[in-house]
Amino acid sequence: MRRVGWLLAAVILLGVAAWLMARGDRGKGKTAHDNIHFPRPRSRDDQRNARRRTLVLPPSPSATGPAVPQDPLMVALPNTPGGTTIVFEASAMRDSPIGQHMVDCLLGEREARELADAKRDFGVDVLEDVQRVGHSGPVTVVEGDFSEATWGRLAERWTPRPYGSSATLYAEPDRDQTIAVYGGQMVLFGEDAAEIEAAIDRLEGHLPPAPPAIPDWAMYGDVYGVIAVDTLVEFLQKDDDHGLADTFRNAVEQVELHVDTSDDVAIVADVVGPDKEAVGDLGKSLGAALSIARMRAQADGDERLADLLDLARISPRDGRFSLDLALPMDFLRKELGPCKRKDGGRAR
Amino acid sequence: MRTLAVALDLLREAASRRWFLALGIGITLLLACFGLALRIEVVDGALAATRLFGKVLDTDIRSVDVAMRYVYRAVAYVIAYGGLLFGIVACADFAPSLLSPGRIEHLLALPVRRWELLAGTFLGVLVLALLGAVYGAGGLTLILSVKTGYWTARPILAALLASVTFAAIYGAMLASALLARSAAISAAVGVALFVSGIVAGNRETLAPLLEPGLRRALFEGATLLLPRVSTMADTAADLAASVPVDGLALGSRLAGLAVFALSALAFAIWRFEQRDF
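If you read the protein sequences in the order shown, they are chains A and B.
Going by my numbering, the letters in the first sequence line up with residues 1 to 348, in that order.
Going by my numbering, the letters in the second sequence line up with residues 1 to 277, in that order.
Excised from the complex, chain A in its bound form (with noise of 0.2 Å):
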């Protein structure tokens, strides 16, 4: 009886083991950190960037080759050396947990009725019909879907002209305000007219294009493009005790600017200067900077920032070095606060 007790208590010990290991697999799951994927080139954007290549212009009489097709918002927007040139992915970003959680808590019910104004009175759905949205010094460009547009509405209030080919410029009697839709395609913002049409000329070939603010290959990430030193350093003096702002400024030459939406905000901002020894030191001191801030943050309780600088890091390399940052949405939705409409975006 003793010896056959052993084997009872071993069937019922596996019993048990089985239940308890069986309990412990349903603590297995995704760590805070799993959803956070920072942006990097992959085929996917090559592409939808090849796709989106649509617009051929006529050769330039200097020119051997055939005409290559373009961007037509990387044509419109202009080329300013050392200025901020971005583009948002605002498709992509409409379905990204972040664009939800913007559309559905942070429009509050005066920007929703001005979503419905827009969509009475021009036929444009702001929300589904807006692809892209491009922004370079004077010039904004809107990029998507506006076929169904009508523009009496805008023409009652401001004064119309055709420009080109294709486009048609509102300009606002009382402000330095230019509007100019251009085919069914884009709109173009301004203050500055010429600039505008400046923009049209490049898209109709009677300009030659500049070489596009952002080339092909840093044209990836929902949010991408090139930020202007000044912005960034004018950024850094606000809390800058380690002298950080001047040496970005002097070691500096191009931010450029990723960021991924897909799951949590991933930012990834790649520097580029022409001393590699400069860029490299600045390297060093900002992770270090960062890594004072964070053991700072700790030391003062500050958990939600701590945990934010965790997920910081400088990786150099040839003379350049990126700056990985993310934001977790669950930061996020902490930091925006709660929903403004009572419906939590529910009735749209």
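Among the clues, some could well be false.
Claimed, not checked - Dumping the calculated SDA-like pairs for lysine to any residue here, alpha-carbon to alpha-carbon at most 25 Å:
#, chain 1, residue 1, chain 2, residue 2
1, A, Lys334, B, Val243
2, A, Lys284, B, Lys147
3, A, Lys238, A, Phe331
4, A, Lys284, B, Val71
5, B, Lys147, A, Gly280
6, A, Lys334, B, Ser242
7, A, Lys238, A, Ile86
8, B, Lys147, A, Ile292
9, A, Lys284, B, Ser145
10, A, Lys334, B, Pro244
11, B, Lys147, A, Ala293
12, A, Lys284, B, Ser230
13, A, Lys284, B, Tyr70
14, A, Lys119, A, Trp158
15, A, Lys119, A, Asp95
16, A, Lys284, B, Trp151
17, B, Lys147, A, Gln298
18, B, Lys147, A, Asp310
19, B, Lys147, A, Ala306
20, B, Lys147, A, Met295
21, A, Lys284, B, Tyr150
Claimed, not checked - Stretches of chain B that chain A covers, calculated by requiring three or more beta carbons in the stretch to come under 8 Å of a beta carbon on chain A:
#, segment
22, 156 to 163
23, 227 to 236
Hint data in this document are derived by calculation from the structure and do not stem from the laboratory.
Ideal Cβ positions, reconstructed from N, Cα and C, are used throughout, including at glycine.
Given the structure of chain A, go ahead and fit chain B onto it with the hints provided.
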């Protein structure tokens, strides 16, 4: 008490085996070599550069404790998988040698019950595995902590978790030695359980790949009983890397492994009680 005496006897036997001493010296030499070859540059709490044998490793600049999480994660996986495999091979011979003709008769003649003899052997092997894991993990942690100035005991915690997994596997090895007195078979059972434990740890991912029906039910049923080796390795790595771990689930897994080990031990005792020597 007599169980402890048997365990101590086993530890004395292990110490007298030269290759266990060689193992201790080997681990010490490896740690010393690693410690001398590793150069870490820390600037204001940020890991700025790492060189191993003069070669630059990871060039990312980030807080030293954040950067070290990846190192400790890797260390935890090495301890969990490498340590388990080594333990299986190194300890496969203990139970068969206990049962070897001449020795077993001598042991059974002593005033020790059969279950105490087996439990003592089991306990002795576990202590041995624990000492090896803690020595290796502790030494590595000490070197990295001195080099970086960031002190943590988490990799040692990871080594302790790996030891619990080893307890489950060694329980089955001990039981197999009672069925067939062979170090090779004992090691083979350990390796088989190690591999199937990796599969069992991923059972929830793998099961949907099978067509619903008998095959999937058989897979789910079989893997339900196996220790989750890969899950424990992942948990050890998470702990070492300061990733939050679900305490309740971890407690369940640890208790499950311990009970599995006791189940295997009970089976081994049942078999031992039945046998005539």
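These are the hints, each one checked on the structure:
1. For the suggested pair Lys334/A and Val243/B, the alpha carbons sit about 21 Å apart, so the restraint of at most 25 Å is met.
2. Distance check on the hinted pair: Lys284/A and Lys147/B sit about 19 Å apart at the alpha-carbon level, within 25 Å; holds.
3. In summary, the hint linking Lys238/A to Phe331/A is supported, as the alpha carbons are separated by about 23 Å, within the 25 Å threshold.
4. Among the hinted pairs, Lys284/A with Val71/B is consistent with the structure: their alpha-carbon atoms are about 20 Å apart, no more than 25 Å.
5. Restraint check: the Cα-Cα separation between Lys147/B and Gly280/A comes to about 23 Å, which is no more than 25 Å; the hinted pair holds.
6. Between Lys334/A and Ser242/B the CA atoms are separated by roughly 23 Å; this keeps the pair inside 25 Å, and the hint holds.
7. A hinted pair counts as satisfied when its Cα atoms are at most 25 Å apart, and Lys238/A with Ile86/A qualifies at roughly 23 Å.
8. For the hint pairing Lys147/B with Ile292/A, the CA-to-CA distance comes to about 19 Å; that is within 25 Å, so the pair holds.
9. Of the supplied pair hints, the one linking Lys284/A and Ser145/B holds, its CA atoms being roughly 21 Å apart against a limit of 25 Å.
10. For the suggested pair Lys334/A and Pro244/B, the alpha carbons sit about 20 Å apart, so the restraint of at most 25 Å is met.
11. Distance restraint check for Lys147/B and Ala293/A: the Cα-Cα separation of roughly 22 Å lies within the 25 Å cut-off, and the hinted pair is therefore satisfied.
12. In summary, the hint linking Lys284/A to Ser230/B is not supported, as the alpha carbons are separated by about 37 Å, beyond the 25 Å threshold.
13. A hinted pair counts as satisfied when its Cα atoms are at most 25 Å apart, and Lys284/A with Tyr70/B qualifies at roughly 20 Å.
14. Of the supplied pair hints, the one linking Lys119/A and Trp158/A holds, its CA atoms being roughly 18 Å apart against a limit of 25 Å.
15. Between Lys119/A and Asp95/A the alpha-carbon distance is near 20 Å, which keeps this suggested pair within the 25 Å criterion.
16. Taken as a hint, the Lys284/A and Trp151/B pair is honoured in the structure, with Cα atoms around 23 Å apart against an allowance of 25 Å.
17. Annotation: proposed proximity of Lys147/B to Gln298/A holds, straight-line Cα distance about 22 Å (limit 25 Å).
18. Between Lys147/B and Asp310/A, the direct Cα distance comes to roughly 21 Å. Compliance with the 25 Å bound is thereby established for this hinted pair.
19. For the proposed pair Lys147/B and Ala306/A, the alpha carbon gap of about 23 Å is at most 25 Å, so the pair holds.
20. Distance hint between Lys147/B and Met295/A is fulfilled; the C-alpha atoms sit about 19 Å from each other, no more than 25 Å.
21. Proximity of Lys284/A to Tyr150/B is assessed by CA-CA distance (about 19 Å); at most 25 Å being required, the pair is judged to hold.
22. Figure legend: the segment 156 to 163 of chain B, annotated as covered by chain A; annotation inconsistent (0 residues with Cβ-Cβ distances under 8 Å, at least 3 required).
23. Here the segment 227 to 236 of chain B counts 4 residues with a CB under 8 Å from a CB of chain A, which clears the bar of 3, and the coverage holds.
Taken one by one, the earlier hints fail for this structure at numbers 12 and 22, listed in ascending order.
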